[in-house]
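Join these two chains into a complex; the hints should help.
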Amino acid sequence: MTTKKLSRRGLLKGAAAAGAASAFPAPMIWAQNIKDVTLRQFGTGVSNLNEVAQKVKEDLGFTLEMTALDSDAVTQRAATQPGSFDIADIEYWICKKVWPTGNLQAMDVSKIKNYDKIVGIFKDGKLTPESTIAQGTAPHTVGFTDGPDGTTFASEQTNWMTLIPTIYNADTLGIRPDLIGRPIETWAELLNPEFKGKASILDISSIGIMDAAMVCEAMGEIAYGDKGNMTREEIDKTMAIFTEAKKAGQFRAFWKTFDESVNLMASGEVVIQSMWSPAITAVKSRGIDCVYQPLKEGYRSWGGGIGLSKNLSGLELDAAYEYINWYLDGWVGGFLMRQGYYSAVPETSKNYMSENEWGYWFEGKEATDVITNPFGDAMAQAGEVRDGGSFEERMGSVACWNAVMDENQYMVRKWNEFIAA
Amino acid sequence: MRAGETNRHLSGWLLASPLTLVLILFLVLPIAMIVVVSFWQATEFSIIPAFSWENYDFLFGSPVTYRVFGNTIKYALIVWAFTLGIGFTVAYFLAFHVRTQTWQIALFLLCTIPFWTSNIIRMISWIPFLGRNGLANSALISAGIVDEPVEWLLYSDFSVILAFVHLYTLFMVVPIFNTMMRIDKSLIEAAYDGGASGFQTLTNVIIPLCKPGIMIGTIFVVTLVMGDFVTVRFMSGSQSANVGRLIQNDIALLQYPSASATAVVLLITVLMVIGILLRFVDIRKEL
Chain B
1 MTTKKLSRRG LLKGAAAAGA ASAFPAPMIW AQNIKDVTLR QFGTGVSNLN
51 EVAQKVKEDL GFTLEMTALD SDAVTQRAAT QPGSFDIADI EYWICKKVWP
101 TGNLQAMDVS KIKNYDKIVG IFKDGKLTPE STIAQGTAPH TVGFTDGPDG
151 TTFASEQTNW MTLIPTIYNA DTLGIRPDLI GRPIETWAEL LNPEFKGKAS
201 ILDISSIGIM DAAMVCEAMG EIAYGDKGNM TREEIDKTMA IFTEAKKAGQ
251 FRAFWKTFDE SVNLMASGEV VIQSMWSPAI TAVKSRGIDC VYQPLKEGYR
301 SWGGGIGLSK NLSGLELDAA YEYINWYLDG WVGGFLMRQG YYSAVPETSK
351 NYMSENEWGY WFEGKEATDV ITNPFGDAMA QAGEVRDGGS FEERMGSVAC
401 WNAVMDENQY MVRKWNEFIA A
Chain X
422 MRAGETNRHL SGWLLASPLT LVLILFLVLP IAMIVVVSFW QATEFSIIPA
472 FSWENYDFLF GSPVTYRVFG NTIKYALIVW AFTLGIGFTV AYFLAFHVRT
522 QTWQIALFLL CTIPFWTSNI IRMISWIPFL GRNGLANSAL ISAGIVDEPV
572 EWLLYSDFSV ILAFVHLYTL FMVVPIFNTM MRIDKSLIEA AYDGGASGFQ
622 TLTNVIIPLC KPGIMIGTIF VVTLVMGDFV TVRFMSGSQS ANVGRLIQND
672 IALLQYPSAS ATAVVLLITV LMVIGILLRF VDIRKEL
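Line by line, the protein sequences are chains B and X. Just so we're aligned: the first sequence equals residues 1 to 421 in the numbering used here. Just so we're aligned: the second sequence equals residues 422 to 708 in the numbering used here.
Mixed in with the good hints there might be a few duds.
To be verified - Straight line, CA to CA, 27 angstroms or less: simulated DSS-like cross-link-like pairs of lysine-lysine:
{"id": "1", "chain 1": "B", "residue 1": "LYS55", "chain 2": "B", "residue 2": "LYS350"}
{"id": "2", "chain 1": "B", "residue 1": "LYS96", "chain 2": "B", "residue 2": "LYS111"}
{"id": "3", "chain 1": "X", "residue 1": "LYS495", "chain 2": "B", "residue 2": "LYS246"}
{"id": "4", "chain 1": "B", "residue 1": "LYS57", "chain 2": "B", "residue 2": "LYS256"}
{"id": "5", "chain 1": "X", "residue 1": "LYS606", "chain 2": "B", "residue 2": "LYS247"}
{"id": "6", "chain 1": "B", "residue 1": "LYS246", "chain 2": "B", "residue 2": "LYS96"}
{"id": "7", "chain 1": "B", "residue 1": "LYS296", "chain 2": "B", "residue 2": "LYS123"}
{"id": "8", "chain 1": "B", "residue 1": "LYS57", "chain 2": "B", "residue 2": "LYS123"}
{"id": "9", "chain 1": "B", "residue 1": "LYS256", "chain 2": "X", "residue 2": "LYS495"}
If you're looking for bench data, these hints aren't it; they were derived computationally from the structure.
In isolation and in its complexed conformation, chain X is listed as follows (with noise of 0.2 angstroms):
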């Protein structure tokens, strides 16, 4: 009996191996390089590997840092209640006001189409469109609701929380528009035949229930505009900053040590984010 015991322990760590090896090496790992090299120093020539807390000195000293961390912040939160609201409708509409299956998926394929494309693309086509003379702008103009173009379309955080919105929407329906699915109908009759009215039946039946969906789609969406860059430099024309500009003006300026502190406290303030919002739902439970 021993001998087997043995063994189904050592199936069960030659099991786990694989995924723990793959995870040591390419998430652990590297992790552990950048908060080393992030109390490392820098000169333009060489990378001097000695323990110094300077950067990161440096990054609480500075009152740029609060105020980019701020704004990142300020995005993620107005990013992820437009989402949710779009995303929340969309999903509900195809959970519950779409009959056939057939449709549901045809639809829902629908809105992946855009998916096809690279994010970036997407992204820049909104700069003809909602430029000085751009689309919007003349149709504005030609319908008579302004007379000069309207200059915050483009290049503001106006933009920039358009194109995340956009971008992004899409990871809210999903999750949610799989756990809705999910929600057994003959809970709603009851509601129903409870005496709910649509709104109770939303708020007491379907909400509670697509928590975890609503949990999965946000922590997508927040930690895809927290680490995003490349959104807010095209679509701010440069003139606002993210933590992942930040990062990135360092890297250009071959600042590792410096970009690898500033990643550290992004990675930290985006795990305690998560953290706070897994206290509201265990997903795993859920799932």
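So here's chain B without its partners, still in its complex pose (with noise of 0.2 angstroms):
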């Protein structure tokens, strides 16, 4: 009788998937099999975020599974366990270490749907034809290989892609101009003495050494040759100048997680300080004033990116690639740029915007309405425009990507140092 019955009930379920099948085509074509389906996704954190699992579920049908780590764990996890993986969403300077590894595959670009419109900083480097290359770990000097096998990476664009570019965006200082009351255009004001005890830094070294160099070459302390990859000369110079600030009292405090740089700013502790863009936000929506403040030597940029794992196949790895044409098709990219951050296809994230949101965020316009994040809260009000302009204006002075050095252990010595003096 059961066996009975299950069948019965199994060929049911068979035929309203193959009406379903016939109804919907394209992605569903396979619906029934790939509802089986569950990828394990990890990554930073910054586009690990459940709505995504969910509206994945919703539009494709199988599971995402999500986990959050930070950027040393994730590195050593890409690294040292493929296995553990299906997608691994990581930054770019991240991928320089993790590709050597050979735990990634190279993705077929002529399976990316949309891989003409990403923008130019993921394939040539340019956003426009005239623009120059930053220093650091720039994204398209590691998101192309030579070959489906390749572990090394290619100097132009190939059919191989390493990571699908996902999120990125420009860093700078944020102020309280409030308490400030004069404008601020240069990083050398971290350590201008005038804000003597009311500056902060964070302690991320690979970030914060970034933030250091923008900050002495733009003292005119140091010449870098690239500030992304500094001699351990350039390091030590550039530990010294902030070791000698540090015991003058410059600094109030060096924060490490998002929370801390949130409250050091609103209690009014800090005035200037290295920050990311959600905290900025999170001070305004307290109704404090608080500037991400364009500087003329450029913004500090970071991106992000998902690559597959070398244990994908057969179905799931079309999973895989339906996933990543699904991400790139637009709706994660509205998700995205209405927290303030950049998609790779700004086109189709353009369709799940309004034209209000995508005036302030992507072309730097007055807001006509009140701007509000994916969570309902209040971003910009009617009349305001976003810090920095539009995205021409902030990701065109990039001056420096996020990076590893070669010097990197020496690096996080020295960090520890100026952190202990």
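Put into structure tokens, the structure is as follows:
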């Protein structure tokens, strides 16, 4: 009896699926099988959002399991435990470390529908044909490989991509204009004695050293060959300048977590510091004036992308490509852009944003109405303009990308000394 | 008879074995593991299990290590002095000034109330209080004591030590109170009858009899302060370092061997401190 019942139910289910498949073609064709697919994604949290997993389930039918880790743990896992994930959501500088281990597989560009629409930064490194390429680990330098089994990076676009770009942004200093009361235009202001005891820098060595380098360069103290890949001498000089400032009492505190940076700024302990874009919004949402100040030397930028594990094949691999195409199709892009990040394919994201949102976030226009993020919090009021302006203005003046240096270990030790000084 | 004796030996071993097993599994093995790992090497991706002195070489060769250990010991000493002073006074008050046992218990419980919340929350609640625009500064300014906000209240050694003292004084109060309650009241009466002043009674009778409690409290406070990393990080705004933070940084950067080496050196330092302390008082005899 039971067997019979089961098989009948199975049959009905099959029929329903077949019906659905004929009604909605394309991705639904193998809807029956793909429902059983589970892809395990892990990454750094910025884009590892549960909303994305839910939407994947709705739109594509399969399950996406998300794990958020810090960037050190992500690097280690991608490099040492290829069996523990299907999709790695990592930053480009992590890719530089991880790709040579061979744990990720190259992606066939011809299977990526919106490849042509991906912004130039991730393809030839140029936002517009006139752009110059910034220092550090620029995404396009680690974005391509020679073939399906390549373990080195190609110097130009090929048919094989290492990561599909997903999210990126340009970082700068955050300031409290109400407490400073004059225009701030350069990174050098971070060490200006005027802000003695009211400045802060983040205590995450790989990013902190970059901000420090931006400052030293702006002060005219050091001319770097490549801020993203400093020599020992450059590291020593940079840390010497910052240690001296620390001993003179320039810094109020160092921060390591997002919340700390928000509290330092909101409480007025600090009036100028390195900051991340969502932290500025968090300060503003408390009704406190806070600006993500564009500076003449440019931005320190970062970008992330998703890579596929070597172990993916067959149906799972198809599902992963489906996921990538869906990712670039606009919904996620809109979701991320409405939080102040940028999408790799802005064109498609536009379809999922209102004209007001697109104008504010992307074109740098005045908001015509209240701007809210996907979680319903007000990000800006009518009449406000995004700090730094349009996409081209912001991403067009990137001075340096987050990077991993050859002298990483040395740098970390020096950074520790700076903190302990 | 011989059979009975073997039995007694056997049951002795059996009775001792559960504790031995637990200690071996959860104390000896982990520490042995840390010691072993401290001789390994690590790159960003892998741990190389080969014997090497590199971690210790770097540790003892770096001036930062000495500065940080110095800082750790400085914190321990200052915090110890304050917690002892405050803890002893509180315990003395509870034991000798509060007459009824009901009140003693009630007041003692009152001391423990802050411990019902997490120690991180108790610590962090100092931050808005001590901040530039915090309660302390606005009170000082409105009272006309200072014109400008006092900067060193927060993110300084002062705030670190304040938080430590706040967090750990109870660890001093409890053991000292405990030993004070065991002091035979007739000894104090005898001291008075013998013509000793209050102060002489304190130094000649009460303090010597409280030594084990003081020592236990000292061990608590010193080990807690020397092993801490959270308090120092938050209250100094990451501007000061102690050994715990050194280890934490290494772990965040996946440098487990180097973190282990630092941990081993810290462990030895703390054991030496406790060893010296135990020279002064035989806790076992006095308990």
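Which numbered hints does this structure break? Checked against the structure, the hints that fail are numbers 4, 5, 6 and 8, while the rest are satisfied.
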